[in-house]
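Chemist: So the chains spell out like this:
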Amino acid sequence: MYSFLKDKSVLFVEDEIEVLKNISEFLRHFFKKVYIAPNGELAYQIFQENHIDAVLVDIELPKMNGIELIRKIRKVDNKVSVIIISAYTKTDYLLDSIELNLDKYIVKPLTSKKINILLEKLNSVFAHQNTIQLINGVYLNSDKSTIIFDNKEYTLTKKEFEFISILAEKKIITYNEIDMLWGSEIPTQNAIRSFIAKLRKKLPENIIKNRSGVGYFIEGKKR
Amino acid sequence: MKQSKVSSERITTLIIIFPLISLLLYGGLSHIFFFFTQYKESKDKLEKSKQIHLLEEQYNLKESVETLEQFINYYNNKSNDMIKDDVKHIVNTAANIVNNLYDSYKDKIKEDKLKEIIKNALKKIQFERNIGYLFLLNLKGDALIHIDSKIVGTNVLNIRDAKGKYIIREFNKVLKKKGEGFVDYYWYITNKNRKAMYKKISFVKMLKCYDWYIGAGEYLKYMKHIVQQDILKYIKTNSTLSYDYFFILNSKGEILFQPQKHFITDLKPYTSEGIHISNRYISYTKYIPKHDWYISRIEDLKSLDKNLDKKRKEIEEKKTQNIKTNLYLIIISWIVSILLSIYLSTIINRKLRNYENKLNETNEKLIFQSRQALMGELFSMIAHQWRQPINRIASILALLRLRINSKNISYIEIDKKCHAIEDDIEFMSETIDDFRTFYQPKNDAQEVNLKNLIIKSLNFLEGHIRKKNIHIITELEDIEFKLYHNEFLQVMINIIKNAIDALDEYGKIIIRLYKNRDNRVVITVEDNGSGIPKEIISKLFDPYFSTKEDSMGLGLYMTKMIIEKHMKGTITAENRTRGAKFTIIL
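These protein sequence lines map, in sequence, to chains A and B.
Each residue of the first sequence is one higher than the one before, starting from 1 at the first, in the working numbering.
Each residue of the second sequence is one higher than the one before, starting from 1001 at the first, in the working numbering.
Any given hint might turn out to be false.
The list that follows gives simulated cross-link-like pairs (lysine-lysine, DSBU-like), each with its CA atoms no further than 35 Å apart [stated by the list, open to error]:
1) A/Lys104 to B/Lys1581
2) B/Lys1113 to A/Lys114
3) B/Lys1407 to A/Lys33
4) A/Lys32 to A/Lys209
5) B/Lys1467 to A/Lys114
6) B/Lys1048 to A/Lys79
7) B/Lys1173 to A/Lys75
8) B/Lys1497 to A/Lys21
9) B/Lys1467 to A/Lys63
10) B/Lys1318 to A/Lys72
11) B/Lys1468 to A/Lys121
12) A/Lys75 to B/Lys1468
13) A/Lys33 to B/Lys1290
14) B/Lys1565 to A/Lys144
15) A/Lys72 to B/Lys1195
16) B/Lys1048 to B/Lys1311
17) B/Lys1416 to A/Lys33
18) A/Lys63 to B/Lys1311
19) B/Lys1290 to A/Lys104
20) B/Lys1468 to A/Lys21
21) B/Lys1468 to A/Lys33
22) A/Lys63 to B/Lys1581
23) A/Lys121 to B/Lys1319
24) A/Lys72 to B/Lys1581
25) B/Lys1173 to B/Lys1290
26) B/Lys1468 to A/Lys114
27) A/Lys21 to B/Lys1290
28) A/Lys202 to B/Lys1467
29) A/Lys114 to B/Lys1407
30) B/Lys1407 to A/Lys21
31) A/Lys6 to B/Lys1417
32) A/Lys79 to B/Lys1318
33) A/Lys63 to B/Lys1497
34) B/Lys1456 to A/Lys63
35) A/Lys121 to B/Lys1124
36) B/Lys1290 to B/Lys1313
37) A/Lys63 to B/Lys1318
The hints are simulated quantities; they were obtained by calculation from the structure and are not laboratory data.
From a predicted model like this one, the values you see are computed outputs, not experimental measurements.
Make a model of the complete structure from these sequences and hints.
Modeler: Here's what the structure looks like:
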């Protein structure tokens, strides 16, 4: 579950200590690292000193409120995922939430259901970081050279990744281009077939098709 | 409230007193004015009536004098006729005697003898009034009988009067025409060696016998004297005329007539015509040239004054009557206006009282409404307060579920978590109870611990306090006090909330509760904000006054009203060196 969270660190900012304690414990089950802060100032300090992938922040905070905190963070980091968890409804901070490039706005109280929605959202955000959609529901993560579909991630070999990357850009990959994957040596027909067979196992069935004499293409790809 | 009652009473007394004073002033002044005008008027009237009276008197005097004059003139005219009548009477009587004698004796006695008898008889005839004398003449002009013996036996046919008239011939003419008649002529009378001409009137009548006629004559001058005597006699005897004050003087100043009693010593003024007014007398004098008379009527001014006194009394009486009437009218109008203003003031009083009652009712309603308005705020306060435990409960439950799902939990831990949840639910329940009791419109005044109530009000405001991170410092003594605890809560919430609103984040509020030296309860709420702006400090407790956009401006007004009306206390606001301070004294 939430595989994309496992190597991520999260900062949880909440002034109610009991809630901070309980929810941070909950989060620790899914994240690599959970940072906590009871006020805005401390939160910003932690954010600056550590690598943070996501910030979960309440609006009503002592010393520096949530909106101010996010604004400050956004000045230095436009990529970090930010989710507001507040007693206020989203409409109260609608304009801010657009400007602040939020990923989610969750209204308190934080029940398990809401926490799961939050985690799912973060998971999907991380999943789609550096990914290209090949076809509907099938993504290529160029960062990690993985294929993601049905919430599963398949690690590609160097040759497989290059093969898919070419297909992501072009309609069809020619035999010449496939040959070039092997560098100076020229692959045999069998070698190519076994390569394609292995790759097909990491992809939904029958999406890689052969056009005889030309090369391979992905079915259903728009372009 | 007390103040307004006092002022309304003052208004009603003013309503009574003000018009009364003005009426009193007006009435008094107008009466004084009226008094003086009456005084002057009566004086004028008196003066005028005096003058009128004097004029009247003058007129009366003149009239009565003129009446007398007329009477005298009348008597004068009449006296001429009287003389003629007298003379004629004498002659007729004598003629009758002669005729009778002649008739009786003409056949019996010789003519000469009869003539002698007749002559003697005539000589003997005496008259009651001594006027003139009888004379007997024949038509030839021979004087047969005459008072002047020198004339008897002479012929007087050619005698002429002072003006040259042939008197006897005139007689003959008259006799030949009518057998009798009057002839007048002028004759000289020597008196004290002075010869004067006087008018004389004679009557002649033919006798039956011979050619004789008899006559008699009289000087009018002598008659005048008689007439004067007659007039004076008449005046004296005529009692119907009040001639007491008539004087008759001649030009020499001799008194011909004067009243029986008089005190007039100086008669000089009464020998000239016209009106004379002296200090004591008023008179009118008229000259009658025929008699050389000065007729005067003199009136004593004292009697005039008597009349005037009467008049004065009348005027005086009328004046006092008028003044009295005026005074009565003023008093009546006073009484009426007093009654009216009392009536009016009672009406106004009643109206004011009604208005006050209504105002009280509205205030009562307003208090309730303001509490309901506060309810809206309370609701959000409670929502704030509930958010915390709800969030807590939610987070506990979320963690519980996670641990249960991963089968990584002990029963001890579950019990601990449940306990925490129960605590939160307990807190929520308490909050809602507070809310509900506060919502109840009226509860009885009861002994309550003010410290607890202040803490409760702080609990209500917990959300606001937390949101702004306000630091609350309390120095509260345990004080029991009898009051409506909801209203006290309302007051405390209003004041503390006011302080919170005035503060920025991390502000400080100090709340103290203690008893002062007079054993009165004092509650102070002090903040370290920017204080109350000078321009609004006087309007702070006015209704519908607010510096906040979303406020009706009833909060502090209601607070003041509740404290003053229901708790009989006071609330004051002042600026400290840093921040504002509200002080409630109960």
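Chemist: Run every hint past the structure and note whether it holds.
Modeler: To see whether the hints hold, each was checked on the structure:
no. : hint                   : in the structure
1   : A/Lys104 to B/Lys1581  : violated (45 Å)
2   : B/Lys1113 to A/Lys114  : violated (202 Å)
3   : B/Lys1407 to A/Lys33   : holds (22 Å)
4   : A/Lys32 to A/Lys209    : violated (39 Å)
5   : B/Lys1467 to A/Lys114  : holds (24 Å)
6   : B/Lys1048 to A/Lys79   : violated (125 Å)
7   : B/Lys1173 to A/Lys75   : violated (180 Å)
8   : B/Lys1497 to A/Lys21   : holds (31 Å)
9   : B/Lys1467 to A/Lys63   : holds (11 Å)
10  : B/Lys1318 to A/Lys72   : violated (109 Å)
11  : B/Lys1468 to A/Lys121  : holds (32 Å)
12  : A/Lys75 to B/Lys1468   : holds (26 Å)
13  : A/Lys33 to B/Lys1290   : violated (171 Å)
14  : B/Lys1565 to A/Lys144  : violated (77 Å)
15  : A/Lys72 to B/Lys1195   : violated (171 Å)
16  : B/Lys1048 to B/Lys1311 : holds (11 Å)
17  : B/Lys1416 to A/Lys33   : holds (26 Å)
18  : A/Lys63 to B/Lys1311   : violated (111 Å)
19  : B/Lys1290 to A/Lys104  : violated (157 Å)
20  : B/Lys1468 to A/Lys21   : holds (23 Å)
21  : B/Lys1468 to A/Lys33   : holds (32 Å)
22  : A/Lys63 to B/Lys1581   : holds (27 Å)
23  : A/Lys121 to B/Lys1319  : violated (117 Å)
24  : A/Lys72 to B/Lys1581   : violated (38 Å)
25  : B/Lys1173 to B/Lys1290 : holds (32 Å)
26  : B/Lys1468 to A/Lys114  : holds (28 Å)
27  : A/Lys21 to B/Lys1290   : violated (162 Å)
28  : A/Lys202 to B/Lys1467  : violated (53 Å)
29  : A/Lys114 to B/Lys1407  : holds (21 Å)
30  : B/Lys1407 to A/Lys21   : holds (20 Å)
31  : A/Lys6 to B/Lys1417    : holds (27 Å)
32  : A/Lys79 to B/Lys1318   : violated (119 Å)
33  : A/Lys63 to B/Lys1497   : holds (21 Å)
34  : B/Lys1456 to A/Lys63   : holds (27 Å)
35  : A/Lys121 to B/Lys1124  : violated (194 Å)
36  : B/Lys1290 to B/Lys1313 : violated (46 Å)
37  : A/Lys63 to B/Lys1318   : violated (102 Å)
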